[in-house]
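Given the coordinates of chain A, assemble chain B onto it according to the supplied hints.
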Amino acid sequence: MSRKLFFSIGIMALILSSCNMGSRGIDPGDAVKVAVASFEKQAEGIVEKTVVIEGTVLHTCKHSGKRMFLVDGNDSIRVEVTAGKEITKFDEKLVGSRVRVLGVLKEEKIDEKYLNEWENEVRKPQENHNAGVHTGAQGHEDQGTQDKLDQINSLREDLKKSGKDHLSFYSIEASKFEEIKK
Amino acid sequence: MQIKTLRRWNNAIHRDVGYLCVGMTLIYAISGIVLNHFKSGDLVHPDYAKSYKEITVPLPKDGSVTQAYVFSVLDRLGEKDHYKSHVLGTKSLEIFLTMGSVYIDLTSGAAQVEKKTPRYGIREFNLLHYNNIKKLYTWFSDLYAVALIFLAITGMFVLKGKNGILKRGAWLTLIGILLPALFLLFYT
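Protein sequences appear in the order of chains A and B.
As numbered in our numbering, residues 1 to 182 make up the first sequence, in order.
As numbered in our numbering, residues 1001 to 1188 make up the second sequence, in order.
Don't read these hints as lab results, they were simulated from the structure.
Any given hint could turn out to be false.
Stated by the list, open to error - Capping the alpha-carbon separation at 20 Å, the derived lysine-lysine pairs in PhoX-like fashion look like this:
#1 B:Lys1135 x A:Lys89
#2 A:Lys85 x B:Lys1134
#3 A:Lys93 x B:Lys1050
#4 B:Lys1134 x A:Lys89
#5 A:Lys182 x A:Lys66
#6 A:Lys89 x B:Lys1116
#7 B:Lys1116 x A:Lys148
#8 B:Lys1115 x A:Lys93
#9 B:Lys1084 x A:Lys93
#10 A:Lys182 x B:Lys1080
#11 B:Lys1039 x A:Lys66
#12 A:Lys181 x B:Lys1080
#13 B:Lys1115 x A:Lys62
#14 A:Lys41 x A:Lys66
Isolated chain A (complex conformation) (with noise of 0.2 Å):
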């Protein structure tokens, strides 16, 4: 009884280990190749289109590991990259690591609309982590009430100031992701 169980639990064990082989190793293919300096003016014409990128893992998110910023050189251009359903995780590890990430170009549009619910989420007394946008720079996880609403606020700026009726934001959805080693 006991000797079948455990044969069990090892061909179960191999056939899950089996199934986390895919993610390993990027095959670039026919994928739009993207640079972290260049990303904001490249993103506009290729949203939904799969690309691959180079960078630095400025930062992993601490809460589930959904998500990274990638820089390259200065931290002034970070790209958002967040985990697919193929990614486990973005580990804490890989910050500082330069990695290969394979993935969908995303946008997200922030209109008056969305900023006027971001900020009623805001002055909840129980705030939403998901809310609003991630920007990747020292401590935004950490971000009180009243750093938020000036996040807002600025955005209110921006979207005033660029003339159009949304802000335009872009990210890139992995589905594969590799640690370039030196």
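Just chain B, lined up with the frame of chain A:
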């Protein structure tokens, strides 16, 4: 079926499902304590223990950050072998190490050294608790949740008499339901 036979089946299934749930219950309970304290701000990170040290480092001589400057800072800290990369901010420099980082304010030379240690075991428990794995685990953890519901219900009928659900058990079950309800009432 007689009550006596029903109870015998109830207890036997409760016992075996209970044995099956030991592993997952320990995983969720231990990880739950960690995530609870992370959420309440007692822990900086759920998967890593972190420590910080404030120091002052010399600023780059001509104002420009070079690889040599980065290594000179790490040499002073004895961390040169752990260098991964560095990123420049407008007035700051962040040097990443294999298990930590050094954040330097380039206007004053004030620096913060962060060291992190993985919470082995708990990190993996958190992975399961958050269902980062997804795939088949989603169904497996659903099955575990259903098993817990089953244990809660069958658990009420394990004993009869003065310790059963109709006497002492009724009061204790009621307290167990009222306590979370009171938290909801007073804190939300």
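Hints and how they fare:
1. This hinted pair checks out: B:Lys1135 and A:Lys89 have alpha carbons roughly 13 Å apart, not beyond 20 Å.
2. Using a Cα cut-off of 20 Å, the hinted pair A:Lys85 and B:Lys1134 holds, with the two alpha carbons roughly 7 Å apart.
3. Between A:Lys93 and B:Lys1050 the CA atoms are separated by roughly 13 Å; this keeps the pair inside 20 Å, and the hint holds.
4. At roughly 10 Å between alpha-carbon atoms, B:Lys1134 and A:Lys89 fall within 20 Å of each other, so this suggested pair holds.
5. As the CA atoms of A:Lys182 and A:Lys66 are separated by approximately 25 Å, the hinted pair breaks the 20 Å bound.
6. Taking the CA atoms of A:Lys89 and B:Lys1116, the gap is about 18 Å. The hint holds against a cut of 20 Å.
7. For the hint linking B:Lys1116 to A:Lys148, the alpha-carbon distance of about 28 Å lies beyond 20 Å, and the restraint is violated.
8. Between B:Lys1115 and A:Lys93 the alpha-carbon distance is near 12 Å, which keeps this suggested pair within the 20 Å criterion.
9. Proximity of B:Lys1084 to A:Lys93 is assessed by CA-CA distance (about 11 Å); at most 20 Å being required, the pair is judged to hold.
10. The suggested pairing of A:Lys182 with B:Lys1080 holds, with an alpha-carbon distance near 16 Å, which does not exceed 20 Å.
11. Simply put, B:Lys1039 and A:Lys66 have alpha-carbon atoms about 16 Å apart, close enough for the 20 Å limit, and the pair holds.
12. Only pairs whose Cα atoms come within 20 Å are accepted, and A:Lys181 paired with B:Lys1080 is accepted, the gap being roughly 18 Å.
13. For the hint pairing B:Lys1115 with A:Lys62, the CA-to-CA distance comes to about 16 Å; that is within 20 Å, so the pair holds.
14. In summary, the hint linking A:Lys41 to A:Lys66 is not supported, as the alpha carbons are separated by about 25 Å, beyond the 20 Å threshold.
Going down the numbered hints, you'll see the structure goes against 5, 7 and 14, while the others check out.
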